[in-house]
Amino acid sequence: MIKKLTASPLLWPALALVALLVVNVVLTPSFLSIRVQDGHLFGSLIDILRNGAPTMLVALGMTLVIASRGIDLSVGAVVAVSGALACAHVAAAADPASVGTVLTAMAIALGVAVALGLWNGTLVSVFGVQPIIATLVLMTAGRGIALLITDGQIVTTASAPFKVLGAGYAAGLPVAILVSLSVFALVGLLVRRTALGMLLESVGINPEASRLAGVRHRSIVFAVYVFSALCAGIAGLMIASNISAADANNAGLWIEMDAILAVVIGGTSLLGGRFSLTGTILGALIIQTLTTTVYTAGITPETTLVFKALVVIAVCLLQAPKFRALLTRRRSRTRPGSGPSGSEKAAQPSEPSGGVSATAMATK
Amino acid sequence: MTAPPSGQTTAPVVHLRDVTIDFPGVKALDNVELRLVPGEIHALMGENGAGKSTLIKALTGVYDIDAGSITVDGVEQRFTGPRQAQEAGISTVYQEVNLCPNLTVAENILLGREPRRFGRIDFRAMNRRAAELLGELDLTIDPASTLGSHPIALQQLVAIARATAVSARVLILDEPTSSLDADEVAELFRVMRRLRDAGTAILFVSHFLDQVYAISDRMTVLRNGRRVGEYPTAELDRVALIAAMLGHEVEVLDEIADTVAASSTAQAQIVLGAHDIGRAPAVTPMDVDIHRGEVVGLAGLLGSGRTELARLLFGADRPTSGQLTVDGEPAALRSPRAAIAHGIAFSSEDRKGEGIIGDLTIRDNLVLALQARRGFARPLARRVTDELVDRYMEALDIRPRDPWLPVKNLSGGNQQKVLLARWLITEPRLFILDEPTRGIDVGAKAQIQKLVAGLAADGMGVLFISAELDEVARISDRILVLRDGRQVAEVGSDCSVADLTTLIAGEGAA
Numbered sequence: 001m002i003k004k005l006t007a008s009p010l011l012w013p014a015l016a017l018v019a020l021l022v023v024n025v026v027l028t029p030s031f032l033s034i035r036v037q038d039g040h041l042f043g044s045l046i047d048i049l050r051n052g053a054p055t056m057l058v059a060l061g062m063t064l065v066i067a068s069r070g071i072d073l074s075v076g077a078v079v080a081v082s083g084a085l086a087c088a089h090v091a092a093a094a095d096p097a098s099v100g101t102v103l104t105a106m107a108i109a110l111g112v113a114v115a116l117g118l119w120n121g122t123l124v125s126v127f128g129v130q131p132i133i134a135t136l137v138l139m140t141a142g143r144g145i146a147l148l149i150t151d152g153q154i155v156t157t158a159s160a161p162f163k164v165l166g167a168g169y170a171a172g173l174p175v176a177i178l179v180s181l182s183v184f185a186l187v188g189l190l191v192r193r194t195a196l197g198m199l200l201e202s203v204g205i206n207p208e209a210s211r212l213a214g215v216r217h218r219s220i221v222f223a224v225y226v227f228s229a230l231c232a233g234i235a236g237l238m239i240a241s242n243i244s245a246a247d248a249n250n251a252g253l254w255i256e257m258d259a260i261l262a263v264v265i266g267g268t269s270l271l272g273g274r275f276s277l278t279g280t281i282l283g284a285l286i287i288q289t290l291t292t293t294v295y296t297a298g299i300t301p302e303t304t305l306v307f308k309a310l311v312v313i314a315v316c317l318l319q320a321p322k323f324r325a326l327l328t329r330r331r332s333r334t335r336p337g338s339g340p341s342g343s344e345k346a347a348q349p350s351e352p353s354g355g356v357s358a359t360a361m362a363t364k
Numbered sequence: 001m002t003a004p005p006s007g008q009t010t011a012p013v014v015h016l017r018d019v020t021i022d023f024p025g026v027k028a029l030d031n032v033e034l035r036l037v038p039g040e041i042h043a044l045m046g047e048n049g050a051g052k053s054t055l056i057k058a059l060t061g062v063y064d065i066d067a068g069s070i071t072v073d074g075v076e077q078r079f080t081g082p083r084q085a086q087e088a089g090i091s092t093v094y095q096e097v098n099l100c101p102n103l104t105v106a107e108n109i110l111l112g113r114e115p116r117r118f119g120r121i122d123f124r125a126m127n128r129r130a131a132e133l134l135g136e137l138d139l140t141i142d143p144a145s146t147l148g149s150h151p152i153a154l155q156q157l158v159a160i161a162r163a164t165a166v167s168a169r170v171l172i173l174d175e176p177t178s179s180l181d182a183d184e185v186a187e188l189f190r191v192m193r194r195l196r197d198a199g200t201a202i203l204f205v206s207h208f209l210d211q212v213y214a215i216s217d218r219m220t221v222l223r224n225g226r227r228v229g230e231y232p233t234a235e236l237d238r239v240a241l242i243a244a245m246l247g248h249e250v251e252v253l254d255e256i257a258d259t260v261a262a263s264s265t266a267q268a269q270i271v272l273g274a275h276d277i278g279r280a281p282a283v284t285p286m287d288v289d290i291h292r293g294e295v296v297g298l299a300g301l302l303g304s305g306r307t308e309l310a311r312l313l314f315g316a317d318r319p320t321s322g323q324l325t326v327d328g329e330p331a332a333l334r335s336p337r338a339a340i341a342h343g344i345a346f347s348s349e350d351r352k353g354e355g356i357i358g359d360l361t362i363r364d365n366l367v368l369a370l371q372a373r374r375g376f377a378r379p380l381a382r383r384v385t386d387e388l389v390d391r392y393m394e395a396l397d398i399r400p401r402d403p404w405l406p407v408k409n410l411s412g413g414n415q416q417k418v419l420l421a422r423w424l425i426t427e428p429r430l431f432i433l434d435e436p437t438r439g440i441d442v443g444a445k446a447q448i449q450k451l452v453a454g455l456a457a458d459g460m461g462v463l464f465i466s467a468e469l470d471e472v473a474r475i476s477d478r479i480l481v482l483r484d485g486r487q488v489a490e491v492g493s494d495c496s497v498a499d500l501t502t503l504i505a506g507e508g509a510a
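For the record, the sequence lines run as chains A and B. Number 107 in the numbering used here belongs to position 107 of the first sequence; there are no gaps in the numbering. Number 337 in the numbering used here belongs to position 337 of the second sequence; there are no gaps in the numbering.
Where hints are given, some of them may not hold.
To be verified - Partial list, computed: chain B residues near chain A (C-beta under 8 Å): (1) R35; (2) G39; (3) A243; (4) A244; (5) V288; (6) A316; (7) D317; (8) P336; (9) I340; (10) G343; (11) G353; (12) I357; (13) L368; (14) W404; (15) R422.
Treat the hints as calculated values from the structure; they're not laboratory data. Heads up, the beta-carbon is just placed ideally off N, CA and C, and yes, glycines get one too.
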């Protein structure tokens with residue numbers, strides 16, 4: 001049981017998250033407290049969830065893209081485009097405060113986000129452009145498009161319904177959290193209750209073998225890019241809604257890096273194949289908690305990035321099979337019973353095969 | 001690093017004693033001993049899963065051993081990585097060419113040992129040195145050409161050149177002849193003998209018994225992770241060797257002839273008909289008909305168009321000419337999906353690259369083709385999957401019988417069985433098998449041949465491709481002979497291996 005637990009790839013990210021929370025509690029004893037005000041929940045934990053919601057969504061789309069052996073660098077740009085379109089529409093509308101206007105604005109934004117995803121998907125799955133290059137195009141161009149939409153200005157809106165997605169509450173919880181978690185739950189059901197997850201992993205591990213087995217490899221790859229862009233579009237709406245403004249220069253800036261990091265911390269390999277949605281949630285939460293910790297710990301802005309980098313390196317190292325093998329090997333080397341002629345019993349101590357499997361993993 | 005000039009030829013340069021390696025749930029090696037003597041070619045024999053690959057990985061530092069010792073030149077070694085093994089003078093050429101196709105031949109040969117000048121790689125010296133090494137093997141390959149531009153057989157020889165580049169005292173050749181034609185094998189053997197005479201200890205792994213008897217001086221036989229014994233090759237005849245490798249399962253080989261005889265049925269309905277099917281330049285337009293319950297063999301050398309033809313019939317490549325009919329109806333097989341929808345299955349010769357999904361479990365690999373055909377939205381019920389997986393793991397004797405293991409952990413023969421089962425689960429009407437027995441041992445080979453004969457007896461059409469002519473001759477009802485992308489002959493099952501060889505070589509036919 002314990003062995004099963006320690007073998008889980010989710011162990012280290014989960015421990016890292018707990019450790020970060022403990023650090024925060026030590027720094028701010030009231031960190032874990034959640035209070036109710038006007039029927040809404042408030043507190044640092046809620047803040048972490050709400051602020052992390054957009055990254056979580058983007059990381060969700062990124063997980064599926066990475067599982068297909070690809071990468072999507074354009075998500076940050078799509079965030080900016082989506083927010084810009086929505087704000088521009090609301091700001092220009094005759095009646096910004098009407099629900100209809102806001103819904104139209106969101107539909108336009110998400111429609112364009114999906115169109116951008118179609119573009120990425122076409123480049124990668126139809127024309128076979130390497131994903132990093134294909135999405136790099138939009139990463140650069142997309143922000144330009146967002147700047148064109150907003151005329152290079154920060155477009156502000158004063159629309160109560162528009163604020164709901166990013167800053168509103170429902171059932172005591174921020175709407176953004178509810179949206180992100182619902183999308184996660186839906187996708188989780190979709191990939192694990194249908195065969196989509198298995199087929200996606202198959203394509204990510206060995207595209208040619210999958211094709212020969214009759215898997216619709218192109219459609220699957222195409223779909224993950226569209227879905228990734230849709231996630232980024234929703235995240236863009238959340239960010240714009242939260243601040244009631246579209247900042248084409250800064251909205252979603254570097255969010256692709258945070259998303260990729262969240263995926264990797266969550267244990268999904270950048271080489272594609274097997275993926276973990278739960279891992280990605282943990283990864284996104286770690287990144288957001290880290291950001292919060294930096295603020296509450298009063299770390300100076302100059303050293304913030306270095307601090308973040310250190311934590312990320314630690315988590316990634318703990319997950320790396322080779323690093324873990326080094327640790328286990330050191331332990332197994334010193335274990336007793338490594339006598340001259342290793343009898344069969346000595347070769348099978350109470351921790352069977354721990355050392356071997358770890359070293360075998362390291363060499364693959 | 002030359003071999004010490006010595007009269008101590010009987011002292012082994014490498015000695016493994018009581019080596020044991022545990023894998024989760026499996027004892028891959030159990031107290032195994034192996035001695036390699038300078039100036040000798042030593043064959044390592046055994047079935048799939050007998051522990052050959054594991055033993056080689058222990059010897060090359062890929063796996064850490066759990067018990068026992070490895071001594072090189074009398075000094076006990078503890079390899080923690082392939083590099084240490086190499087530094088101790090042990091070089092390896094693996095079954096599947098493990099080189100970088102995007103680098104040049106010279107870069108591949110000298111990778112990690114590039115000649116340097118002022119801290120930079122001296123490409124001219126590198127190409128010169130590589131040309132020398134290739135020259136020693138009588139190979140005229142341009143060292144500056146890209147490795148991937150050469151056929152697999154040449155790449156293999158480059159891999160051997162790479163291994164000799166370190167002046168290794170111990171050279172391990174793991175199934176080096178799988179992709180080579182007869183001339184290239186002869187070439188390889190010449191090189192091996194030269195290295196042997198220069199004092200190199202060579203460990204040779206091959207499932208071609210002819211080759212083992214032609215080249216080896218001594219052999220060690222493994223079975224189920226244990227050593228059966230070490231014998232001078234001259235003193236162990238074929239029957240005794242097979243008995244040592246298989247134990248009690250020898251009789252399987254004899255049964256096949258009976259099954260094949262039973263499956264030779266009269267003319268039945270044509271499952272797949274191809275008219276003028278071709279793809280320039282590899283396949284010149286030809287006609288192929290495959291009937292229900294018939295095993296059609298494709299015989300030809302590497303590059304004769306046998307694999308290319310198979311891929312056309314499965315829709316893996318688009319033909320440049322010709323039409324296909326399935327059950328008499330015209331069918332455009334534009335993709336593998338389309339072919340699968342028509343009940344055609346195809347097992348590629350490239351198990352690792354085009355067959356298994358390494359990181360997925362045996363279970364997922366087994367149901368992949370069926371699930372892909374159903375579409376993602378109609379997942380197989382867990383109970384149905386369990387039943388299918390149990391039935392086929394049992395029927396094809398896939399070991400270890402744990403459906404949750406990643407398929408990459410299995411031996412080559414068991415991976416092949418997983419692939420066959422993947423297709424059998426889709427209940428195809430035509431099964432195209434490209435080299436299904438390549439690189440696997442006698443026992444699994446016999447099992448697969450028997451399976452194919454049985455499938456045909458049950459009414460399935462089979463297109464069977466193999467480089468081993470006796471296998472093709474034994475199993476086929478009808479054999480198409482290909483040479484240089486052309487169909488040069490069609491013969492019946494009574495054709496002898498000698499006749500086939502003549503047809504393939506083109507003597508008297510041209």
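Hint by hint, here is what the structure shows:
no.	hint	result
1	R35	violated (18 Å)
2	G39	violated (30 Å)
3	A243	violated (27 Å)
4	A244	violated (23 Å)
5	V288	violated (20 Å)
6	A316	holds (6 Å)
7	D317	violated (11 Å)
8	P336	holds (5 Å)
9	I340	holds (4 Å)
10	G343	violated (12 Å)
11	G353	holds (6 Å)
12	I357	holds (5 Å)
13	L368	holds (5 Å)
14	W404	violated (13 Å)
15	R422	holds (7 Å)
When held up to the earlier numbered hints, the structure conflicts with 1, 2, 3, 4, 5, 7, 10 and 14 and fits the remainder.
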